[in-house]
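**Q** So the chains spell out like this:
There are 4 protein chains.
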Amino acid sequence: MAPESVDLTVRTLGDCRIESPLAPLLASTESTEHYVDENDRVLFDDTVNMVAARKAKLDALPSFEPGGPRRKIFFQPSKTRVGIVTCGGLCPGLNDVIRGLVLELTSHYGVTKIYGFQNGYQGFIAKYGHPPIDLDAEAVSGVNEYGGTILGTSRGSQDPYEIVDCLESMSINVLFVIGGDGSMRGALTIADVVKERGLKIAVIGVPKTIDNDIPYIDQSFGFQTAFSKATESLRSAHVEARAVPNGVGLVQVMGRHSGFIACYAALANNDADYVLIPEVPFQLDGDDGFLAHLRRRVAQRGHAVVVAAEGAGQEYLESDEPGQVDKSGNRKLKDIGLYLRRRIADDFAAHGMETSLKYIDPSYAIRSVPANPYDSVYCIRLAHAAVHAAMAGRTAMVVGRWRGRFVHVPIALAISKRNQVDPAGDLWMSVLETTGQPRRFA
Amino acid sequence: MAPESVDLTVRTLGDCRIESPLAPLLASTESTEHYVDENDRVLFDDTVNMVAARKAKLDALPSFEPGGPRRKIFFQPSKTRVGIVTCGGLCPGLNDVIRGLVLELTSHYGVTKIYGFQNGYQGFIAKYGHPPIDLDAEAVSGVNEYGGTILGTSRGSQDPYEIVDCLESMSINVLFVIGGDGSMRGALTIADVVKERGLKIAVIGVPKTIDNDIPYIDQSFGFQTAFSKATESLRSAHVEARAVPNGVGLVQVMGRHSGFIACYAALANNDADYVLIPEVPFQLDGDDGFLAHLRRRVAQRGHAVVVAAEGAGQEYLESDEPGQVDKSGNRKLKDIGLYLRRRIADDFAAHGMETSLKYIDPSYAIRSVPANPYDSVYCIRLAHAAVHAAMAGRTAMVVGRWRGRFVHVPIALAISKRNQVDPAGDLWMSVLETTGQPRRFA
Amino acid sequence: MAPESVDLTVRTLGDCRIESPLAPLLASTESTEHYVDENDRVLFDDTVNMVAARKAKLDALPSFEPGGPRRKIFFQPSKTRVGIVTCGGLCPGLNDVIRGLVLELTSHYGVTKIYGFQNGYQGFIAKYGHPPIDLDAEAVSGVNEYGGTILGTSRGSQDPYEIVDCLESMSINVLFVIGGDGSMRGALTIADVVKERGLKIAVIGVPKTIDNDIPYIDQSFGFQTAFSKATESLRSAHVEARAVPNGVGLVQVMGRHSGFIACYAALANNDADYVLIPEVPFQLDGDDGFLAHLRRRVAQRGHAVVVAAEGAGQEYLESDEPGQVDKSGNRKLKDIGLYLRRRIADDFAAHGMETSLKYIDPSYAIRSVPANPYDSVYCIRLAHAAVHAAMAGRTAMVVGRWRGRFVHVPIALAISKRNQVDPAGDLWMSVLETTGQPRRFA
Amino acid sequence: MAPESVDLTVRTLGDCRIESPLAPLLASTESTEHYVDENDRVLFDDTVNMVAARKAKLDALPSFEPGGPRRKIFFQPSKTRVGIVTCGGLCPGLNDVIRGLVLELTSHYGVTKIYGFQNGYQGFIAKYGHPPIDLDAEAVSGVNEYGGTILGTSRGSQDPYEIVDCLESMSINVLFVIGGDGSMRGALTIADVVKERGLKIAVIGVPKTIDNDIPYIDQSFGFQTAFSKATESLRSAHVEARAVPNGVGLVQVMGRHSGFIACYAALANNDADYVLIPEVPFQLDGDDGFLAHLRRRVAQRGHAVVVAAEGAGQEYLESDEPGQVDKSGNRKLKDIGLYLRRRIADDFAAHGMETSLKYIDPSYAIRSVPANPYDSVYCIRLAHAAVHAAMAGRTAMVVGRWRGRFVHVPIALAISKRNQVDPAGDLWMSVLETTGQPRRFA
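Residue numbers (full-length UniProt numbering), protein chains in the order written: chain D, 1 to 442; chain P, 1 to 442; chain W, 1 to 442; chain B, 1 to 442.
Same shape as in the complex, but just chain D (with noise of 0.2 Å):
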């Protein structure tokens, strides 16, 4: 599990030279302990076999650089400019990380050019007509309290050099891009552009996923507000499927690449009899397969409730047009939920036995809701960690959480791989010993 090969040191633009103004806030003279220590490490792995341990060495062993307020920061903030963008699809939380970091900008930095990139990678861009507005602390009053993003967002990458271009222009010394996968590519590119003209931006990305996708991070945000809402729609389906006779209801969920949502949806109630997700391909066919199972059940209980990422048996999904992306560069995925509805009700049909199936697609419902109370937290101290990485010179990294701890994660590393689950873990193992379902369908 160890990412080997992958450097996890992160980027600085230089020395971090200049006092902190939190310093009032949190030096005394008993304790100094608020501030980060520039030795300390987070371990990547905390599992260790002992066995294989006596020969290790422990200042060997790859590990995070810690999150958190330095003693001495890189930028001057009475002469820092900022600026934020938010990027891709809506996920709840991410106007609390706007909210968090203006905040900590403003009140315990003391940075007061703020600007907000509109719509995306788009706001760099003139020929948009997005023009930046200024972010204080009244713009982002109560803006929590909706889903959504008070900056708008867009799909789709941008000309890095043009982007440069714009923030030269504006003399901004720090971006924070909230964005996905693709959009942390941009983020990279644009750091890039910045180290090869020699400028001192900092670039920090704060990872946006609402599948939980995004690898070294504990749980991104978003996540937990939508797999809760996910619930809602494995009730109504449980509902329906229980109020009529050999009653079916199909959940399609998000999770292009991931089962998380599904996973966590089916665990946190008793309504899911089966989950599909692409980390664990299931045949179709066959007197072992998915749907002789289902039909079994549903003849012996009367119903069942059947919950599939969108990603999940991508396989069965003949692609007639290969390599179709969108404009955020994600493969374009054919409908599971609609194809699997198809073939249950064929085979329900060819079978001679009567359905009625239910089949719900609840995205926006769930992606566009504001941030539930945990997840507010987390992204507010999200923001809090992104601010100190940027103040203190960090670049080319997202902040994340590994273990409980705030990290600093290079972009690299972050978008190296996805985060799955793991079909011989214990999550996944909780989801079978939950829905009852089969190890596998073959």
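Just so you know, these hints were derived from the structure itself, not from any lab.
Among the hints, erroneous ones may be present.
Pairs count within a copy or across copies, as identical chains cannot be separated in the list.
[Said to hold, decoys possible] With a straight-line cut-off of 20 Å between C-alpha atoms, the simulated EDC-like cross-links for lysine to aspartate or glutamate are:
id : residue 1 : residue 2
1  : Lys55     : Glu38
2  : Lys57     : Asp40
3  : Lys55     : Asp335
4  : Lys72     : Asp40
5  : Lys200    : Asp347
6  : Lys57     : Asp45
7  : Lys127    : Asp346
We have chain D; now place chains P, W and B onto it with these hints.
**A** Positioned in the frame of chain D, the structure of chains P, W and B alone reads:
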């Protein structure tokens, strides 16, 4: 932060020689990873100082035994008789844990005899007249939708010898105790009597504390539900305070020894101006004291909201009856909320400033609700881990989650101290940053 | 608005000669007012034109029989056998009504034989294999916490002669039918067959329509829950639309013949810019048509939200298969939501305007939830009124609430037309005022 | 139930001669029905006894003036200056009403000068230092999402002459007072001074009472939100009571003079065993008294839940300080909840029965929440009706909804008595049926 002198070794009843009945669910030719390797350990501390690390030996670092299913188990499931009891105050998720235990025991291990002991430790003592009830899948169906505990509860301990008499007479092999600090002490004495008598009864705790004050556990079950619910009271206090000239909203939340609920609730929205917790003493009087600060804030902004954990400022409440404890052995706290209400009102009056103070104490409204989806998932996974531990013959331990991993924690360790908000840590720092209150009232 | 030619007289099975068992609850020396006086009537229309009123005779005005307990009843409770059936689509509150009927029958009238017929009218027909189940206080305990119906449901009618055969063979005296328009037609044919055979079986309907389209009833049960839930979809649409350049949110809500859900949901927050309902035809094309208006609004404000009742604009959907009906006899509607989605997208494209359109159809999410507290109260009181009517020997009627009073409405009247939003009334006017949409798209 | 001697005539400031600016929205060649016909009246009582009806004259029956837009109005909108004030305790929906008034005045009538007077009647009196604020569409955008009132509030009356001085000096033509019983008395005195001085200022009340105790109004705004929220406290009390041996849950809900919240909350779920309201006196002591009944119920079932309206059983609280009133002129109530808590505890103790009593008083949690969707709709429509009345020159009246129709009610009538639960009506009967409590404790 290392537990140094405390022993992290988990007691076992004997060797595990029985093939786990989970094999069909977990085993496969290509992978056996669902099982926990008996040589694995979870490091106690994953933040290391790289300078110190050069001299450290990895296999000498303190570490926990991981939770999860074992290939070989101790008890023969078909002959195993299990008891479950819930003790102490209510907490969201109790029914989820009970349900999780019963479903895992019955569906996956094939245990058929499960008894629910009613109303806490009273349920083992005949004179109270609460006979044990049978628990099976039907008995726990849907119980997670309700707050409280289907087994009932009570405060206070009972004679451990009588309890073990009861266990023996009913041929119980495994006892699950879901309860707090005091109940875990009770569970340890039961385990000790069991050992003294040379019996083979596993005593496994599922630690319950709405305050999140059990150490060596990331977060206790029900905590997220609790602080989420508490945010509603902060909102009420804010709305009330804003609606009148010089309005003050005062909310007392749970937290006898630890201010976690107060901190998280305050971070979750921007309703609180002051957070008072047991971990951070405060001066009430004087020009830099809390009362003067509050008065100035109200004069300036027109209103303010104060959140106090019930254990905050106990030094202000004269202990005229020292040593008073309730049935569970908890020291009886004076009511800081009522005290603050009086002091604030007096202070405003003394300074000729009119005010309207609204006091809210939502305790029952918080602890009686059903678990939210996150806590439901956590409870069921915690219950699964508890069953795996019990079937593998562990005893005198509680299950916990440490940095995201389920682990076995000896009861002695779990009751050795309190988990508290670190006044020098990033949680409290985020609270200071969010509320804008001074680092100290002195 | 007067029902003129329609008869408001409620059919009875015969004289009421049995002393009501409610006496201990209701009677007292000083007051007997809980009982309904047999001479009371509830005026059909309480708004009178004072000029016309001078010539009117009060006792000649159309009026309803009030609901409520009678001093003398028709059926001997100890010998009464009752059947309950739920038919058609789900609606919040079904379980509340079932529970209310059972509790009133058992606790207050002392009826002991109550049967639940399963899966709608199929439950009376042996070949479907759904045997009736016993209903008592325990069977209905807590069922109101769940959406759906514990009796199951199905669409479509069954032969009334077979149904009455079943009722006779089981010696049923009272049948409660909870269902919509089609089911009430079925109930009337059952009552007619009962009369034809000279039987003494009361057939009482509890009208169910999530669309609020049953006439002579202030508001149908579940309607408030439904439109409240629908507001969440409007909010989602609004959040999505605002987040992107030229965003359009399109929500299709229930309402085959009546736009009440659309109107109330739009009024409940300020998320909707356009409300389209079946009662108000609209022009799509042309410079004053809906499409052009929408396009201008998006150009001006950057986004817009459209709410369409499913029955709106049916004239635009070519009926290539005229006369198609579903099993309940409802004419099959073409999907206006999908049609509008296509037309809006085409229109923006034709005018070279980029847009991002998000379409939401929340139907199952709305109809499967439990009743909110208001609907719960309404359901239980409606059930009480239904039981009083049945025990007093009324038949071929439904219970309703008319201007705040529970009344008895002949089934023939209840199915004689649809309740619709009055395009000249104050509800629609408030919608126009709130959305700012023009009075007509022409 | 007829108001007999009370006058139902609404005061007007003069003839309506100005063409309504709503014409483009309402008028059409084919229909003018949106307008209210000046000859229409809404019958006060729509339940008639058919025997008595034979002698009654329809046009002689008491009737209300209907609310709604008039073809001709009194004030010239472009010259109209409007004031809005909120008085007394918080109630869900205040911001909805303010927003509804402002939007209707600006968007539809074209009024441009609207002032919000701050903190109740204090806002008219210079010495309090609360200057009026400008209200327009932007100022009220989104305010309905929050509880409380953006105008602030205060209790107590102010000198009506000073208030009218203020109105005159600001050239206010229309004053909307949103407040309770006491505030309406104040509004009437203001209208009287206005008349005395021969001014043309319309004074229109929007009656606010969370207790639903204003007469001649079906249901007051915020009431549904309030009782729905109160059900959560009943649930908490139920969960707590069930969790312990001999548990008693005691909830005090709002309701100084009227038990509507207690009744509706109790009906909405099955959590309450006893409902105590001001309208139904009860005996505490004796074998058929409440205490003995409660004790028997707990002994039999193991727990019980009691809901008491705050005004219940006031006869038990010795009035040692008779005549005490708060600033709003409300008689100060002794706290029946605390009294019952003590009496119940003493009674159990006296009978040697252990108990665990949990007392819940949720008042702020109920009154500070935002309006639910139903109340939001109701508030906006009520506000529309209030604006129509004001623009048509009505004064000294409140808007209400009577049997589903918006009507104009003279203030004198609205403060002439309290709306109360009818101990002989069907609401109370349903409560008795649901709780199973005896008709009387005697």
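**Q** Any of the earlier hints contradicted here, and which numbers?
**A** Numbers 3, 5, 7 - these are the hints that the structure violates, sorted from lowest upward.
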